[in-house]
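*Asks:* One line per chain: the protein sequences are Z and U, in this order.
For the first sequence, the working numbering gives the first residue as 78, with consecutive numbering after it.
For the second sequence, the working numbering gives the first residue as 442, with consecutive numbering after it.
In case anyone wonders, no lab produced these hints; they're calculated from the structure.
Note that the structure is predicted; figures quoted are calculated from it, not measured.
Any given hint could be a false lead.
[Said to hold, decoys possible] DSSO-like cross-link-like pairs, simulated, lysine-lysine; straight-line CA separation at most 27 Å:
1. Z:Lys139 to Z:Lys199
2. U:Lys576 to U:Lys588
3. U:Lys523 to Z:Lys139
4. U:Lys542 to U:Lys523
5. Z:Lys188 to U:Lys523
6. U:Lys513 to Z:Lys199
7. Z:Lys140 to Z:Lys130
8. Z:Lys139 to U:Lys542
9. U:Lys511 to Z:Lys130
10. Z:Lys188 to Z:Lys139
11. U:Lys588 to U:Lys616
12. Z:Lys140 to U:Lys513
13. U:Lys511 to Z:Lys199
14. Z:Lys139 to U:Lys512
15. U:Lys500 to U:Lys542
16. Z:Lys155 to Z:Lys139
17. Z:Lys139 to U:Lys500
18. U:Lys512 to Z:Lys130
19. Z:Lys130 to Z:Lys113
20. Z:Lys140 to U:Lys497
21. Z:Lys113 to Z:Lys155
22. U:Lys542 to Z:Lys188
23. U:Lys511 to Z:Lys140
24. Z:Lys140 to U:Lys542
25. U:Lys513 to U:Lys497
26. Z:Lys140 to U:Lys500
27. U:Lys512 to Z:Lys199
28. Z:Lys188 to Z:Lys199
29. U:Lys591 to U:Lys612
30. U:Lys513 to U:Lys500
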Amino acid sequence: MFRAVCRLSSAGSRGLVRSRPRYSAPLVSRCFSHEKVETDEEFDARWVTYFNKPDIDVWELKKGMNTLIGYDLVPEPKIVESALRACRRLNDLASAVRILEAVKQKAGPYKEIYPYLIQELKPTLTELGISTPEELGIDRV
Amino acid sequence: MLHLTTGRLGSLLARRVTAALSSSSVRMASHSHEVSQTDMSQPMYVDRLDIPLPDKPYKDNLSAEEQSLKKKEEGPWSQLTKEEKIALYRMMFCQTFPEMKQPSDEWKTVVGVALIFLGISGLVVWWQKVFVYPKTPRTFDEEWQAKQLKRMLDMRANPVEGFSAKWDYEKGQWK
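Same shape as in the complex, but just chain U (with noise of 0.2 Å):
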């Protein structure tokens, strides 16, 4: 996403655009969001069910005591305690499984977000409807209607199986 912050004259604007465009670093967008911009070039940790070893541990720089841990792991691991197994699991990755597969609750928040959305669309076709839509033509009326309707009876419109065919003419009702 190309951050086009300032540059109200044409040229600044293309000279901008040119140099997003052809910088290699990320970091070239000026005051975007992040302080820090994620290198993508470099192995990335991801928790997902289906990459079990991710490309990179969790953890990057291990304490003193995290290292001498590790240095600890090189030997028989049957001499490791059960918080030590679980400190280095989570030092190498950062969810457990049955914690990525816990459920959340966003699907309320896209549901919610979607009807506000729809609620505001109601609203703004409403607003047309009272502000910006001309006088409908005169032959919504209803007067309009109940003539059009008769004429179209007295024509026999669809008089076999549609519209005059439905109409009793003896009673003068509806079928």
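The shape of chain Z in the complex, shown without the other chains (with noise of 0.2 Å):
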């Protein structure tokens, strides 16, 4: 979902980013390059393992957030959870809510994903003890 809102979808890191094609390829496909393209829920998938590393370290959790903020796209629930449990067993609740505000950050103007995002990630917040920007009120200046 969060992907048909950008433009183009495949891990940065990869360097070499195209967009699938979607129509019925004519008489003859041309590929030009052999290289495998990741599929969305191969990169969640990949994400969210990261994430899930029961004995991650602080610059493991840095070092994934700050590579996935980079990416063109708002990251699935199911990747910003995995991120949230990391900061859990790290002990850093300033981290969990900074998280939050990036990938509101990272929505931009459609502001519809962010409130998504928080109704998915509900239970883990409540779970957690995890408060959201708003309810900490640092989402305004």
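Take the two lone chains, each set in its own frame, and fit them into one complex as the hints suggest.
*Replies:* Here it is in structure tokens:
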């Protein structure tokens, strides 16, 4: 869903970003590279696994989040959830709130994405006791 | 930026330059503007929208109160009050995202200073005209220009589409 919002979808780390052809190919289908394109599901699964590492350390969390925010997409709720759980394992509430701020920023002008994300994350937020930036009152200057 | 503060003697200057260049410590520049300079080889804190989790927390030295709050953070977060959560956030980060995105009035300063410098340049140009440039050649005089124009018309310069084509020779005026 979030991918449809953005122009390009593939992982930025690849360096080579292509839009997938959605039309049925004519007689000759030309592929300009033999690289395998990662599907959205594979991308999500990869990132969920990254943050689900039980003994994830502070640096890995930071590196993962900063890289993820660098991509041209809003992370799926399940990726954000596993990142928030990683914050819990690291006893870092501030970073958890920061992550919520960051994904709201990533949604940009598409104002309906962030409320949807919070709605999907509500069970996790209540379970872990994470307050949203709005609840803390830091969503305004 | 090299701070070459002393050294009118050539050799002293040379020694200073080599010392500054070969030294690895930034403090070599004596009497620089800041008393303590940032060690750029250490992780630094930065508030950036595209770097949500900086390399280090904002506050390094925690008071006893802050340290006990950090201890409490290791337990269930639902037991933290709203103020404690905000305090934890402010210990880790300097500005919130909305604070980072605040517009500033810096552009007014930039435009203002740019216009000031353009104004100064304008003054310099005017002063040059008055005090520096020699008299313009006689070919710029009104009388000379009029005679030049008449000569061009008499020669029928560009009579088809250009100069003289625009002059009405019967009426003695421009068309």
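*Asks:* Run every hint past the structure and note whether it holds.
*Replies:* Status of the hints after comparison with the structure:
Between lysine 139 of chain Z and lysine 199 of chain Z, the direct Cα distance comes to roughly 23 Å. Compliance with the 27 Å bound is thereby established for this hinted pair. The straight-line distance between the Cα atoms of lysine 576 of chain U and lysine 588 of chain U is roughly 20 Å, inside the 27 Å bound, and the hint therefore holds. Simply put, lysine 523 of chain U and lysine 139 of chain Z have alpha-carbon atoms about 24 Å apart, close enough for the 27 Å limit, and the pair holds. Between lysine 542 of chain U and lysine 523 of chain U the CA atoms are separated by roughly 23 Å; this keeps the pair inside 27 Å, and the hint holds.
Distance hint between lysine 188 of chain Z and lysine 523 of chain U is fulfilled; the C-alpha atoms sit about 26 Å from each other, no more than 27 Å. For the hint pairing lysine 513 of chain U with lysine 199 of chain Z, the CA-to-CA distance comes to about 23 Å; that is within 27 Å, so the pair holds. Restraint check for lysine 140 of chain Z and lysine 130 of chain Z: the C-alpha separation of about 14 Å stays at or below 27 Å, so the hint holds. In summary, the hint linking lysine 139 of chain Z to lysine 542 of chain U is supported, as the alpha carbons are separated by about 21 Å, within the 27 Å threshold.
Among the hinted pairs, lysine 511 of chain U with lysine 130 of chain Z is consistent with the structure: their alpha-carbon atoms are about 23 Å apart, no more than 27 Å. Among the hinted pairs, lysine 188 of chain Z with lysine 139 of chain Z is consistent with the structure: their alpha-carbon atoms are about 26 Å apart, no more than 27 Å. Annotation: proposed proximity of lysine 588 of chain U to lysine 616 of chain U holds, straight-line Cα distance about 19 Å (limit 27 Å). This hinted pair checks out: lysine 140 of chain Z and lysine 513 of chain U have alpha carbons roughly 26 Å apart, not beyond 27 Å.
About 25 Å separates the Cα atoms of lysine 511 of chain U and lysine 199 of chain Z, which keeps this hinted pair within 27 Å; it holds. Our distance criterion of 27 Å between C-alpha atoms is met by lysine 139 of chain Z and lysine 512 of chain U, whose separation comes to about 21 Å. Between lysine 500 of chain U and lysine 542 of chain U the alpha-carbon distance is near 21 Å, which keeps this suggested pair within the 27 Å criterion. Only pairs whose Cα atoms come within 27 Å are accepted, and lysine 155 of chain Z paired with lysine 139 of chain Z is accepted, the gap being roughly 18 Å.
Under the criterion of a C-alpha separation no larger than 27 Å, the hint pairing lysine 139 of chain Z with lysine 500 of chain U is consistent with the structure, at around 17 Å. For the proposed pair lysine 512 of chain U and lysine 130 of chain Z, the alpha carbon gap of about 23 Å is at most 27 Å, so the pair holds. Note on lysine 130 of chain Z and lysine 113 of chain Z: the hinted pairing holds, with a Cα-Cα distance of about 26 Å set against a maximum of 27 Å. With a CA separation close to 12 Å, the supplied pair lysine 140 of chain Z and lysine 497 of chain U stays within the 27 Å bound.
Proximity of lysine 113 of chain Z to lysine 155 of chain Z is assessed by CA-CA distance (about 24 Å); at most 27 Å being required, the pair is judged to hold. As the CA atoms of lysine 542 of chain U and lysine 188 of chain Z are separated by approximately 17 Å, the hinted pair is consistent with the 27 Å bound. Simply put, lysine 511 of chain U and lysine 140 of chain Z have alpha-carbon atoms about 23 Å apart, close enough for the 27 Å limit, and the pair holds. At most 27 Å may separate the alpha-carbon atoms for a hinted pair to count; lysine 140 of chain Z and lysine 542 of chain U meet this at roughly 23 Å.
Of the supplied pair hints, the one linking lysine 513 of chain U and lysine 497 of chain U holds, its CA atoms being roughly 20 Å apart against a limit of 27 Å. A distance of roughly 20 Å separates the Cα atoms of lysine 140 of chain Z and lysine 500 of chain U; the hinted pair therefore holds under the 27 Å criterion. A C-alpha spacing of about 26 Å is found between lysine 512 of chain U and lysine 199 of chain Z, which places the hinted pair at or below 27 Å, so the restraint holds. Only pairs whose Cα atoms come within 27 Å are accepted, and lysine 188 of chain Z paired with lysine 199 of chain Z is accepted, the gap being roughly 18 Å.
For the given pair, lysine 591 of chain U sits about 15 Å from lysine 612 of chain U by alpha-carbon distance, which is consistent with the 27 Å threshold. Our distance criterion of 27 Å between C-alpha atoms is met by lysine 513 of chain U and lysine 500 of chain U, whose separation comes to about 17 Å.
In this structure, every one of the numbered hints holds.
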